[in-house]
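Using the sequences and the accompanying hints, generate a full structural model.
Protein chains in written order, with my numbering: chain W, 703 to 1139; chain R, 7 to 466.
Hints are supplied without guarantee of correctness; some may be wrong.
Stated by the list, open to error - With beta-carbon atoms standing in for the labels, derived distance ranges:
#, chain 1, residue 1, chain 2, residue 2, range
1, W, S865, R, Q11, 32 to 38 Å
2, R, K307, W, K882, 32 to 38 Å
3, R, K401, W, A968, 42 to 48 Å
4, W, E939, R, K307, 17 to 23 Å
5, R, D28, W, K822, 38 to 44 Å
6, W, Y850, R, M7, 28 to 34 Å
7, R, R48, W, E813, 50 to 56 Å
8, R, M438, W, G881, 29 to 35 Å
9, R, K133, W, Y850, 28 to 34 Å
10, R, L188, W, T800, 43 to 49 Å
As the list claims (entries may be wrong) - Some residues of chain W that are not near chain R, with every Cβ distance over 10 Å (derived):
#, residue
11, A861
12, R983
13, G1087
14, S1123
Keep in mind that the hints were calculated from the coordinates and are not lab data.
Because the structure is a prediction, the values reported are computed rather than measured.
Beta carbons: idealized from backbone N, C-alpha and C, even for Gly.
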Amino acid sequence: MKNIMEQVMNQVTDHKADADLILSTSKSLKMSAQNGSVSEYKVSSSQMLGIRVIKNGAVGISYTEALDADSLKYMVKQAIQNAESNEANPNEKILELTGSVSDEMTYAENETDISLKTQKALELESIVKASDSRVVAVPYNSYNENEYQSFSLTSKGRATTYSDKSYSITSSALLDDKGKKALYYDYNIAHTFNELQWNKVIETSLLHARNILEAKTLPTGKYAVRFTTDSLKSLMECFSNFYSAKSAMDKVNPWANKLGEQVISADLSIEDQPLYAQAFRVSKFDSEGVVRKPLALITNGKLNSFLHNSVTANYFKTETTGHGSRGAASSLNVSGTHFIVHGKNKKPLPAKYMEVIQMDGLGSGANRVTGDFSVAVKGYLWENGQKIMTFGNITMSGNLIEMLKNVEVVGTELEASTDSSFFSVPLMFNDLSIAGT
Amino acid sequence: MQLLQAHIAQDVLSLGLSLGADFVDIFIEKTQSEGFVFKNSRAEDTQSGIIFGIGIRLIYGEQALYGYTNSTDREELLRITKLLGSRIGKGLKTPTPINFEKLSYPKIPTIQDREVDAKYKLSFLKKIDERLRTDEKVSQVMLNYMKKNQLIEVYNSEGLAATEERPYIRLYHQVVMKDGNLQTEAGFGPGAIGGWEFMETLNIEENCNMLLKQANTTLYAPPCPAGKMPVIIDNGFGGVIFHEACGHLLETTSVEKKASVFWDKMGEQIAHSALSAVDDGTIAGSWGSLSIDDEGMPTQKTTLIENGILKRFISDRLGETKTGHKRTGSGRRQSYKFAPASRMRNTYIEKGPHQLSELLASVPNGLYAKKMGGGSVNPSTGEFNFAVQEAYLIKDGKITTPVKGATLIGTGADVMTKISMVGNNLELMAGMCGSVSGSIPTTVGQPCIKVDEILVGGEA
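Here it is in structure tokens:
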């Protein structure tokens, strides 16, 4: 692999250009069950080499999945041509970093026999079906293994190596009671086979599906709403452009001109913690090879910083924060790692509130420029500390910016999302619009 | 150009059969693509690339085993086949020799390509950018141009050898508008199977006017009131409601798992008698068309619903095996990284007898959804949600105040019975559909329709 990358880099320098190269490889295994047998068994191995060339200040990107000499030559030629068709961008340069950095994770685990994996994969369906006579199908169930490696090399002499391995499982329960249907699914991700929480995904799927089967609609009105950490993560990630210097540069960030200003409640602080110990995977360097460190995005409600790569940093005349992200086939972008939402001035829980466990339609129902969203939600209604009913068939509308301004902190302990990539204290959002009966 | 030598394909297929498989197929893909992102009035991201890979599928009864690689090396392909076949352990058998017969099929016409250099393409995009920026409230214009050529080969153990070249072209327009603290965005993404000449057919003036009108309307609009009400959904992208609320539920991928509310409703009335709908892979130049599917079957026009009665499911090979519903040339996938699944092509509600004005006149109080955004569905429960990009209130049969932030939610089984009037202004629109076999080009479409009652999400 190293030889291939060096060969390509030599071709680039012959063209008097700078470049960075990313070579990614992956191997995976997936099994799904249907009616008691493995209905899908998928193995894969794939690779992709991508190049970002900068010639005369202009950028060109190209990639290939074929690594023979002709394809590599063609890729370089295409990247150079693409750069030549672009205007120069004075902010985009290959960073002056040298040396090698490595982030290769290994996990202590025993070899697991494929027959045990198959048996456990089948149980993701069979146990759910056997648990409740109303289960008509387990439409989402799978066992997955993924191994991923990536190497990067820049013409300035920076080389990085990254590798990781993960296991994940999904189960679901589709219940039917006299024509009324309810579905819920859950998943779990781990670094070793033995860490997988098989019972948890099965039981969580069944528990919520059974409750959703009893769901009723709510009267249209304004409600206090608490999100599960997974739901809050989905909402916050949907509007992650608020923290991105790239979206500020592209004029699609409503906080573009708000640095140093109070943008949300003074009770909240948000940081990006690449090396957070409780996260599923720490992230030591970004796609430009910049060593990462924690970043306070919002402190006591004031916007401190955006997430930057070197291009946005040059544009805004600041330093990169180590949040450059680029895949082999994509251009240089910005992305966060693990968001931690801290809170202070804890308030008591209101007497009555909704707990949202499932949101549908965020992808199409959100306006990332304004923070407005409207989604279908399901969950539980709480009153005086008791879960009094399950709700469904309603929509919830709001504006995330206004919500974060008026939020109340209702707990002090950080709670983790299922994938351990997002952490937040419990929050309560008042007066969200609910449309039901 | 041959992507995989026939004798290697024969060896792989023979090995698969010798490992006890009932059926084996190989899908080979080479896709060359190019694209620009034109933003901040300049080309910001110019890229091109090659996707190449081979997928091998072994079917044992109702079980599918799938593997893929980027390599054309015979030994690597045999290794993957052996790895897959060894999972079943059915024992070895002697395969019958496979003699390929090249499939001939009618080619769906595509829009002509023309050699155009990068400079010309950029000047074309610049023209659109400049036109949109004539409105001084426009703070950003993003034009995403994509052109790709997918060359596929399919071999299977029944002796099929088929190949197709599929050219795609699309230009997604997005405009962001700002006035003080108010901001909004509007988007539009026409696409076709074909080449550059499709771009020449775009009416830049009309498209820019439509986008600016939509952005100007939603910029100042108050929030949509929430509640149940009748909704008129206009033509074109409004068809996303049928795609999500019904189309996905008619794919055998859902039917085979009984994860569709329609799995046992063949021949029954599942929609209002005013509604007929088709899934048609054969429309010349249309974004969702293809001459053969990814299993090598020629595509067809499939009537799904006729006068409200369920006539046909959208089926692929495995779907037919599992459900008994005949294949419809609908086995599709994003790339060699996915096994094929039953997927939609150009799916639309057929035109009816009414003018839009007649539909509006029948509504005393309701919502007119002029332009729909995206949406999603849970096929198992039929629950769907859609965003409305441009909407107006209807008062006494007349379009009145614009409103923003409307969402429509419901279930497919319920809404299909409530489409009581169908207009005559059928229009198709390009989109991307994500599902079990990845993200694929599909067309949605409909004439204007009236839904008697649906839950509209908005301001309470």
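- Task: Would you list, in rising numerical order, the hints stated earlier that this structure does not obey?
- Result: As far as the earlier hints go, 4, 5 and 9 are violated by this structure, in ascending order.
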